[in-house]
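With the hints as a guide, bring the two chains together.
Single-letter residue listing:
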Amino acid sequence: MDQKGYVMTGMSFLLIIPIFVLFMVLIDINHANTESKSLIIKSDNVLQISRDLEYNIPRVGRQALKEEAYGVIRSRKPLVNSKKTVKENIQLKMDKITQNYNKDGLKVIYAVRSLKESEDPFLIEINSTIIIVKDNLVHEQYLDQNISLYDPKDPLPDPMPFVKCQNYGGVTINGSRICYGHSLVSYLKSRGEINSEVYENATSPLFIKKCPYDPFKAHGDTKNLDTLKNCIDNGYYHESNDAACYLCRLEGKSTCYHQGMEIFIVPAPQRNVSFFKAPCSVDHVIFSDNSTTIYPGGSLQYYVKGSLIFQLFLDDSHRKKYGLPPI
Amino acid sequence: MVKKGLKSIEMGQILSIDLMLALILITVLLGVSADAMDLISSRMDDNTYAGALERITAENVNVLINTPGIPENWEEGRQLMQVVKPGLADVNLQTGSTVNKTLSMKKILKLKDNYRELINGKIVPSGFNSNIIFYPVNNSLESIQIGDIEPKTAGDVFVINRTVMCNYEIADTMVAIVSSEKKDLFLNSSSVVCPHCNLSGNIQHPYNESISLKSGWKCQPFIITQTDINANDIYLMTDPPLLKDTSACWIVDSTKNMTDSREKFGSSPIRLNDRISTLTGENTNSTIWIHVYSSGSSDEIFDVYIAKFPKGTPYEQIKTQYLTPQPYYLIFKVWI
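Chains as they are written, first to last, in our numbering: chain P, 1 to 327; chain D, 1 to 336.
Treat the hints as calculated values from the structure; they're not laboratory data. Where is the CB? At the ideal position from N, CA and C, for every residue including glycine.
Distance ranges between label pairs, derived from CB positions:
1. P:Asp104 - D:Tyr315: 51 to 59 Å
2. P:Leu137 - D:Glu263: 53 to 61 Å
3. P:Leu137 - D:Lys85: 13 to 21 Å
Quick list of in silico lysine-lysine cross-link-like pairs, BS3-like style, CA-CA up to 30 Å:
4. D:Lys101 - P:Lys103
5. D:Lys101 - P:Lys134
6. D:Lys101 - P:Lys42
7. P:Lys66 - P:Lys229
8. P:Lys84 - P:Lys107
So here's chain D without its partners, still in its complex pose (with noise of 0.2 Å):
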């Protein structure tokens, strides 16, 4: 039969037109579909492991802050420092707690030096780069980099961002009046009888149990030793360096040579090895007086310090920033 020129065909078929146009279409939705969850699925690939990488190189820098390390003193170096497991918190040693967010700059600085056998495998999984930069809060302070140098084209970089406080170490504080009111030293620093009270006269430093800010005396003792004096430089230093009141003076004596021989503060810090020196004499062990005098007036305190720090140590370094821990950034990298 023939319609309009079209010839019918009355034999069977296995598939029809419409079935072969229709299965064309399905092939080629499947194919695209295919090809987009394969690209999905490889992209969630990515991200997992992006994730995953990311999850563990933070938790391992939690690790990093939060603990001291195996063993807690790793940063003497007595063991191989492939057997370490780091860690830079602070530890204080009367009460073996670590300091809550503090680190120990020997521990940063032992870290920078051995920074790929500590780092790699322990803390960044090997085959990746990282680094680490400290950022100090104080513009007076310096940043600290250590770990590898992050090229300009690196891909895909990890950034973790903690804000801790580092205790630099590299100074002792042997003694601190602090005269501020909302700081504690002051109730000790006051409730101390100086040797001076037994005196008469203008050498009399009369025992003041108050601790109402009021001019004064305030005298503090501290111990030193044949080895604190060779080994390290000794300074009196101030917070502010310059001070308003220009009553404040010091002296430094002991109970065998009372003195009343009386100085003014400086700008800059004020090395007293050779009087110490002096005071000691050839003990091993001597108690040293720091007495402070001040106006007492709330707008012109000062805290006073006597430090040691390590023979040789730059003069720029010597600054009361150092004594106590203080804030910086922290910037961990991790790159492939």
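Same shape as in the complex, but just chain P (with noise of 0.2 Å):
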């Protein structure tokens, strides 16, 4: 402090000033490089968010079909509309993995906008909205993925069976196989088919999967028809503009309007011969939603062994369909 009270001279102050200018300007920078930087993080955590999103929605799609499916199967009751029950279950198992992202000021929104049948009837189709909000950066993406119904190491089982012989007697599982007991034959008598005891201890494939052997006349191709029996013995399922699709059959329905897929109800091995007609053996002909449209099948035997005899019981038109001899 000089003699007259001040604290510094002038010259002094004029001194500090470009220490002050210079000690602003190097916070100005400062701050302007973390904003980028924390901009960055933003937007790498906002793209990984998405992309685990998009990764999930396939994989959440086919366990919500898988859950619905054995829901089904456990309690014998058809979804009254599938589409809104998978739909919601998506919904439902999605929040839970949205909400895990919602803290730190960021925000999370999924949607399934539709479910729908594809062209291709192993094939479910899905139509997602995702927005993620993070402070002022907004990410909002809409997505068309598709939900294979077929996958070997956890495969969908096919609910409809189940449903159509639930006031009959009810079906198993044994392994990877549906088997019928005496319902089958109950179902057909109650419909009013003759011949229905072929189809006593009759079995029919759990699980969906694509057959390869296409085109399907190949199925007739060998003398022994032995194309046939391996396909028969895979539980292969084949597309079909009669049979119902994977959607629908969670209504209990065997047919719809939707591009479908069909299996043969194979009946049980016999020692001899004794009916050369009865229902056809396609699930949608014999669980067929109008009781006019079941119709009758030709015998068809197409593997012996000693002297147990396998057959089918099959209409000239599916004959045809798989390049099978006709009637």
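Here it is, written out as structure tokens:
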């Protein structure tokens, strides 16, 4: 302090000004740098979440379909509106996933826009919207994906036979096949079908598997019908205009106007052929929703082992489709 | 008044000598600090610019790696490259979603052919040079360099490193019989009922529902078309190429022509076109079966693949490495 009471002289003050200016510039640059780094982190974070959700949607979709299918199998009650139920299940599962992200100023919104049948009956289309908000950064994405019905590691079951046979004694599961016991005979008799006894202890595949024998005419291109035998052994499903799609199968329907899939219901092998005609061994015919459309098929012996005769009953139209000899 | 030789000045002065000296000193100091500030400011400008450029480039490289581009199938070349927003991420055609951290080799090669049109002004600001180098983790594969050649005297060079997977897509796996316990496809191959299971004698391949490793046949069907046969070279390959399992053998047949003609695996890929062509005959589509016998010993396990490569693919490119995505180091360089 000088004799006049000043803490610093004017000259010292002038010297300090540049230091202040320099200090402020430094703070400003540092702030800008921090802000840009924070934006990069936010952007990376948002992109990563979006990719996680994108990867999870088909997986969660399959899981929801599987849960609903086993729910129908356990309860023997079909879904009233399978699309709505599966959609809600997917939404619930995805909400649980998005909840984990909703912290630290992050907001993730997922919505299933629609779930619908695809032109390929082994796929289901799912359309979703993802919105991710992080402070002033907003990421909105519309996704159109497919859920594959066939996964060898985790196959989806066919719930339709369980619903159809529930009032006729029910069906049981044996490994990868559905065993009808006496239920199919009771069911067919209740619908006034003749020769329904051939379906005593009949079986059909439990899991959805796409048939590799394409074109289907190849099923009949061997003398011993080895291809047909192998197709039946593996329980392959075939694309069909008349049969029900997977979403309609969850509603207990055997036919629908979507592109569907059909499967052979295989009578138990017999020691002698007692019937040459019986209801056609195709699921959408036997379980036809319209009582007038169960039509008969002629016996087709596709394999003989010792005294056991393995046969199907197929009409000419299905024989033609699979390249098999006419009745 | 004169004191000790100095003359006293009684008249008023505007500036004392002390003040003048102080002002000179302050002026010098102000000049020096202004100069220092200017220097620092220009350096900061440089740093800010470099930081911004690096940030923009890093962000755009992330976009390049993580998105398939717009349109998604831009590598098919249906649009003018000027209207394409490039992205290299591979898309799973079945689910329609991008495969995590996996790049499509077709997109990389298309980017190589149209580098400047696709990168300049879209990924890297105009007026800058850049290149991308893909170094394979697996030494048996070749590195790929696309873009400008970096001069030895380049000034500031920004380098961005990432590790990615590259899906070659030069070959399509038609069928895989994976024996390794760790791999999931084993379940698939073991749960299929082979057409040979209904036969008797040596030709029979008994159905084995168990997924445990044991000696026996593993069989898988695959669909082949005349177009596949005519447009591709179809190879049978093993991983590792040289098998320890001396009992290992294979059969390719169809339900129409079931055979027991077993063949041993060699150390190099086996071309199957003629054999498959005979089995397919005149049919446009056919379902063919591959049957593989293995000892089941855990130290002799091997995987078998049948894959189609475009006709004329050099024989040295017929490798199992091209069937699955391979890890690569991606190095992106930008310079002025």
